[in-house]
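Once you have looked at the hints, place chain U on chain E.
Residue numbers (this note's numbering), protein chains in the order written: chain E, 1 to 711; chain U, 712 to 1064.
It is possible that part of the hints are untrue.
What the hints assert, rightly or not - Pairs of lysine to aspartate or glutamate, EDC-like flavour, derived with a Cα cap of 16 Å: (1) E/K121 x E/D87; (2) U/K956 x E/E110; (3) U/K964 x E/D536; (4) U/K899 x U/D856; (5) U/K1006 x E/D460; (6) E/K155 x E/E178; (7) E/K23 x E/E43; (8) U/K1055 x U/D903; (9) E/K519 x E/D553; (10) E/K484 x U/D910; (11) U/K1006 x E/E117; (12) U/K1006 x E/E705; (13) U/K866 x U/D910; (14) E/K704 x U/E952; (15) E/K618 x U/E952; (16) U/K964 x E/D87; (17) E/K299 x E/D407; (18) U/K1054 x U/D903; (19) E/K123 x E/D87; (20) E/K299 x E/E374; (21) E/K634 x E/D460; (22) E/K569 x U/E952; (23) U/K743 x U/E1058; (24) E/K221 x U/E1058; (25) E/K704 x U/E981; (26) E/K123 x E/E91; (27) U/K964 x E/E178; (28) U/K935 x E/E110; (29) E/K484 x U/D790.
Said to hold, decoys possible - Partial list, computed: chain U residues near chain E (C-beta under 7 Å): (30) A932; (31) E952; (32) S1001.
Stated by the list, open to error - Each pair of labels, with its calculated beta carbon distance range: (33) E/K14 x U/E952: 44 to 54 Å; (34) U/E853 x E/D468: 39 to 49 Å; (35) E/D280 x U/E853: 54 to 64 Å; (36) E/T541 x U/Q950: 15 to 25 Å; (37) E/D468 x U/I859: 18 to 28 Å; (38) E/G387 x U/E952: 52 to 62 Å; (39) U/K1006 x E/K569: 30 to 40 Å; (40) E/G638 x U/E952: 12 to 22 Å.
None of these hints come from the bench; they were simulated from the model.
This one's a predicted model, so the numbers in the text were calculated from it and none came from an experiment.
Idealized CB from N, CA, C, for every residue including glycine.
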Amino acid sequence: MSENDLSTFFNAKKIGIVGASNKFGKVGYDVVHNLSQFGYPGEIIPINPRDKEIQGYKAYKKLADYPGTIDLVFISIPPKYVNPIIDEMGELGIKHVVIITAGYKEVGVEGAQLERELGEKLKKYGIRCIGPNVVGILDAHTPLNGSFASRMPLKGNLGFISQSGALITGILDWSVNEGMGFSKFISVGNKLDIDETDLIEYLGEDDDTHAIMAYLESINKGPQFIDVCRKVSKKKPIVVIKSGASNAGARAASSHTGSLAGTNTAYNAAFEKAGVLRADTIQQLFDSAMAFSSQPLPKGNNVCIITNAGGPGIIATDASEFAGLNLAHMSADTMEELRKILPPAASVYNPIDVLGTGMSKEYDDTMRISLLDENVDMLLIIMTPQGMTEPVKTAQAIIDNHKRHPDKPIAAAYMGGVDLEEGAKLLKENGIPCFTFPERAISSLLGLYLYSEIQKMHLDLETTPVFDVDKERVAEIIESVINKGRVTMLGSEAIAVAEAYGITTPTTETCFTVNEAVKTANKIGYPIVMKITSPDIIHKTDIKGVVIGVKTDEDVKFEFTRMMDAARKFYPESRVIGVDIQAMSNVGREIIMGTSQDPQFGHLIMIGSGGVYANYTKDIQFGLAPLSDREAHKMFAGTKIHKILQGVRGEEPSDINTTVNTLLRISQLVTDFPEILELDINPLFVFDEGKGVSAVDVKITLDKERILRRE
Amino acid sequence: MTKNILITSINPGVGKTTFAFALALKLRQKGKKVGYFKPITDNTVDTDAHDAKTLLNMKEDVKTICPTMVSSYEYDMTDKQKEDIWSKIMGAYNKMIVNYDFLIIETCRRINYLAFLGLCSKALASKLDAGVLILTQGREVEDSDRIILGLDYFKTAKVPVLGAVMSLVPDQLFNHFKTVIVPTLEAKYKVDVLGLVPDRVTLAAPTVAELASTLNAKVLAAEKHMDKLIENYVIGAMQPESALKYFRRSMNKAVITGGDRPQLALAAMETSTSVIVLTGGILPPARVISTAEEKEIPILLVGVDTYSTSQLVSETPLYGKLHIEQADKLEAWAQILEEVDYKKILEKIDQKL
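Just chain E, with the same shape it has in the complex:
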C-alpha cells in the first residue's frame, strides 16, 4: 500500500471508536450509531474505559485490549486526551485515524500547541489523519457512515470534500430530497495531515466517483494542488466553490482559517491552470454536479432551446448568451422538417416554440429532429403548465430521446410546482437534470461545456519556450544586493537583471554625486532621463522624481540637487538615495508587466495597460508561472490594450510577438529565481511590429530569507 493510498479510510474492515458512548447526544454515540444503522459491513469496535457494551457491541477499555488488528480509528474525546491515543496507535501499528474532536488551533494558542504536538506524533508514527475538527467521513457504496451527521447520502457518483462541516450536514439533508447521489462525503476540518489535494488525488483514482465537488476556504499546498488537479481533471471534472471572493468574504475567510486568503485573482489563475471549474454559488456547484453525474460532455457550445412559451424561451436565450453558450444555428433541412410537424404559428428558429398547445408528440418530434442536426451540441427543454401540456409523457419522451442520442446532453426546466411535479421527478430519477427555472438548467449545461473545454486544453501540447539568458549575471546582482543589506533593487540593478534575460532596456546607471551624474550623462549622450532611486521610494513621480529630456551638464546638476533634496525631505529615513541616469528611449504604447509571488500558488504574472494610471484602469490579466506559450498569448489577448496594439483607426500594429516573448522571459526569470518576490515593469514601451519593446522602468524586491536558507 503506497503512502498516499487513502482507501483504508473507506474500506476498513475493522473500525475502532475511541470515545464510543451509550449516551444519546454524545458524538461518540452518533458515530457508533451511524456505522451501525447505515449498515457498515465490517466490525465495529467501541473503546470505552467504563462500559462493557456500547449499543450492543462489545466494548474494550483500550485499543490494545482488542485481540485483532484494527484498520481505522475514529476519535471523539476531549483534545487533551487525544495525543496518548495516537501513541497507543503508534505502538499497535494502526495507520489511519479520523479525529472528530475539536478544540485545536481554531480556539487559540493552547489549541495550536496541542495541534502541533499531534502533528509531530502523526509524523513520528506515519499515521494518516483526517481532521481534527471534522464531522467525519461517509461512503455510500461501502456503506460507511463514520460521522455525527444524521443521514446517509443516496448512492451515486459524486465525491464531495468540504472544509465546512455544517455544509456537509446541510447538503446531505437537501440532496436526499433532490435525489442526488454521492460516492463519498469527506469533512477535512483543520487539515493537519490529509487535505484537499490528497483527497482530490484519491478521488481521481476512485472508480465510484465520476465528478469531484469541493467547498474550500483555503488551500494548503498550492503548487501540488495545481499539479494534482491538472492530472485528475483529465479524467473527471473538479468543481470547487472557494469562498472569500469578495473583500469582506476574504476577511471572514482569513479570520475563520487563520491563513492569508490568497487574492481572488491568484485562485482564479490557479484554478485555470489546474483545470478546475470554479462555482460562485452553492447552487451553481450542485447544478453542474447534477449534469456531471449523468450527462455526456457536449462537442461544442451550441445549445438548442425547445419551449412551449415565448417569454421563458427568450429568458433562457439571454441566460445562454450571458453565460457564454451559443444559440445553435439550425440547418435549413432541420427547419424544413420542423415546419412539417409544427403548427404554422410555431417558431422553427432557435429558440423553437412548440406553442402552448404543444403536447408530448410535438416535443418528441422536435427533439428527434433537432438532435439529428449536427449544429446542435445540447438541448434545453422548457415546459410551462398549460391546458394541453403532458408533463409526464413529455418527460418520458425526453428520456427516450436522450437514450437515442446519449452523446448530446439534455437539461430541462419544468416551470411550475404541483402540476409538473410528477414529470420532474421522473426526469431526475432517469438522470435528466431538471430545474424549476431555465437559468439553472443553463448553468448545469454550461458546467458540462466548460469541462469539455478543459479536456480540450489537456489535448493541446503545452510548450514553454526556453530562452538563452545570462543566469550568472542575475545571480551576481542578487548576491550583491543582499550583501549590501537590501531586499529592493535600485533601478539600475533591476534593469540589469531584465537585460540579462534578453529584455531590451535603455542604458541606466546609478550615481551618488553630481560629478558622477554629469560624467555618466556625457558618456551616454544627451538628452537623458533622470530618476530618483532608493529602496524606500516606491512612487517616484509623487515627488517629481523623474525628469525626461535633460540636455546639459548645468541641468543635470540642477535636477540632481532638486531631486535629492525632495527625496530627503519626504523620505528622511531612507538609507540610500541616488539618481539613475538613463538613455532616452523612444515612446511607444505603454504596457505594464510584472509578477508577484502569491504565498499559496507561487509567481502570479500579470500584463495590462501601463502608465501612471495603470492602478486605476485595471486592464490586467493574470497567469501563474511557468507560463506556456498558449497561456501567455491567452493572457495578453484578454486585455483591452491588446486590441489597440493590433492596430485600430488606421494605426500600425504594434510588436505583439516581442511583448508576449517578454512575458515569457519574465516567467522564465522568476522560475529560475524564485527569490524574486515582486517584479514590475512599468512602463514597457511597445513599438511598431518588428521594432521590439523597451523596459524603461523596472522594480524588483527579493526574498532575503529564502536566499539565506538556500545558502
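Below, chain U alone, put in the same frame as chain E:
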C-alpha cells in the same frame, strides 16, 4: 600625557556603549587590563555601569564606575556644586585607575553636552588624561563636516584626538566614503579614521520585549520569541491586496495595525516580521493567534489606537539601549570590530603611554 581612551560621539544613538564594551573585551583579549568608566550619566535609569560590571567582570561598585548624575535641568549650578561633582569624579577615577592599565571612558549624549557647566567631553578628557575617540554616524557625506568641527573643538583645549570611527555607513555609500571622504579627512585634516562601520541595524535594534515594555502591551502569541530584533516599523493601513507588496520591502519589522484587521496581520506573517502590534484593544480571531504561534511571531496587544502607538514608537529610538542579555548585539559589534582598526588604537595608546 595620554593614558586613557575617551569615547564621545557627535550624534547620540550611534552605539557608543556597545562599542565601548566590545572594544574593552577585544583589548582584554590582547592582554590589556582595561576598565570601563562613565564619569557622568544624565539618566536616572542608566544601566551601563551595571552592565559593565557584569560583562567586564569589574569588582568596583556601580557608584564608582558611574559616580555622578548631571543633566541639563541643573544649568543654574553653583561653583561649589561643580567642584563637588569634580571631586566625586576624580575620587572614583583615582580608585579605579590603580586597578587597570587604562580605562575606556564613556561620555553621555554628544561631544559638547554639559559644556555650559564645564563638564563636557573636552573637560573630562583633559582632566582624566584621555585621548579622544570620536564616534559618529556616517549616514551622509555631511557627517564628515561634523568630524572636522569636532577636531577643532578638541584642538582648543589641546586634547589629543586618537581618531574617529564612522558607523551606520549605508552600503551604497561605503565605497564613496572609502575612496573620497576618508582619504581627504586623513590627508587634509590629519585625523585617523580608525573604522568605517557599515550600517547593520542589528548593532542597535531593540528587541520585541523592549517594545512590549515601552508600549505596555499584552503578549498574545509566541511569548518564547520575544528576543527577536526589530529593524523597521511599518504601519498596516493599506488595502489587504497591496499589503504584501509593502510588507515585503522591509525586513525584521514590527507591523502596527488595528486588531480588527486580521488580514493585514496574516499578510505580515507571510513576510519577514519580528512582531505584530495590534492596536485598539481589539482581540484578533483565535485562528490568527494560532497562526502567529505556529509561525513563532509574537503578537502584542495595546489599548490605544494605531496613531498613538506609532507616536509612542517614534519616541522610542529604533536604536535601543543595550541589554547585556542580548548577546546578539555584542557579537555583531565584535564582528564589526574586525573592520575597525583596533590594532591601530592599541598602537596609539602604546605610543602615548
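Checklist entry - Straight-line Cα separation of U/K1006 and E/E117 no greater than 16 Å? => result OK: U/K1006 and E/E117 at ~15 Å, within 16 Å.
Next on the checklist: Hint validation: U/E952 versus chain E, beta carbon distance must be below 7 Å. Holds or violated?
Outcome noted: holds (6 Å)
Checklist entry - Quick one, are U/K1055 and U/D903 close enough, alpha carbons at most 16 Å? => result Given that 16 Å is the threshold and the Cα spacing comes to 9 Å, the pair holds.
Checklist entry - Keeping to a limit of 16 Å between CA atoms, is the pair of U/K899 and U/D856 held or broken? => result holds (13 Å)
Checklist entry - Are the Cα atoms of U/K964 and E/E178 separated by 16 Å or less? => result violated (54 Å)
Item to check | Cβ distance range 18 to 28 Å for E/D468 and U/I859, holds or violated | outcome: Violated - the Cβ-Cβ distance for E/D468 and U/I859, about 54 Å, lies outside 18 to 28 Å.
Item to check | 16 Å Cα cutoff - pair U/K935, E/E110 | outcome: OK: U/K935 and E/E110 at ~14 Å, within 16 Å.
Checklist entry - Is 15 to 25 Å right for how far apart the beta carbons of E/T541 and U/Q950 are? => result holds (20 Å)
Checklist entry - Is the hinted pair E/K569 and U/E952 satisfied, with a Cα-Cα distance of at most 16 Å? => result violated (29 Å)
Checklist entry - Is the hinted pair U/K743 and U/E1058 satisfied, with a Cα-Cα distance of at most 16 Å? => result holds (12 Å)
Next on the checklist: Check whether the Cα positions of E/K704 and U/E981 lie no farther apart than 16 Å.
Outcome noted: holds (13 Å)
Checklist entry - Taking the CB of E/G638 and the CB of U/E952, does the distance hold inside 12 to 22 Å? => result holds (20 Å)
This entry does not satisfy hints 2, 5, 7, 13, 14, 16, 22, 24, 27, 29, 37, going by the numbered hints stated previously.
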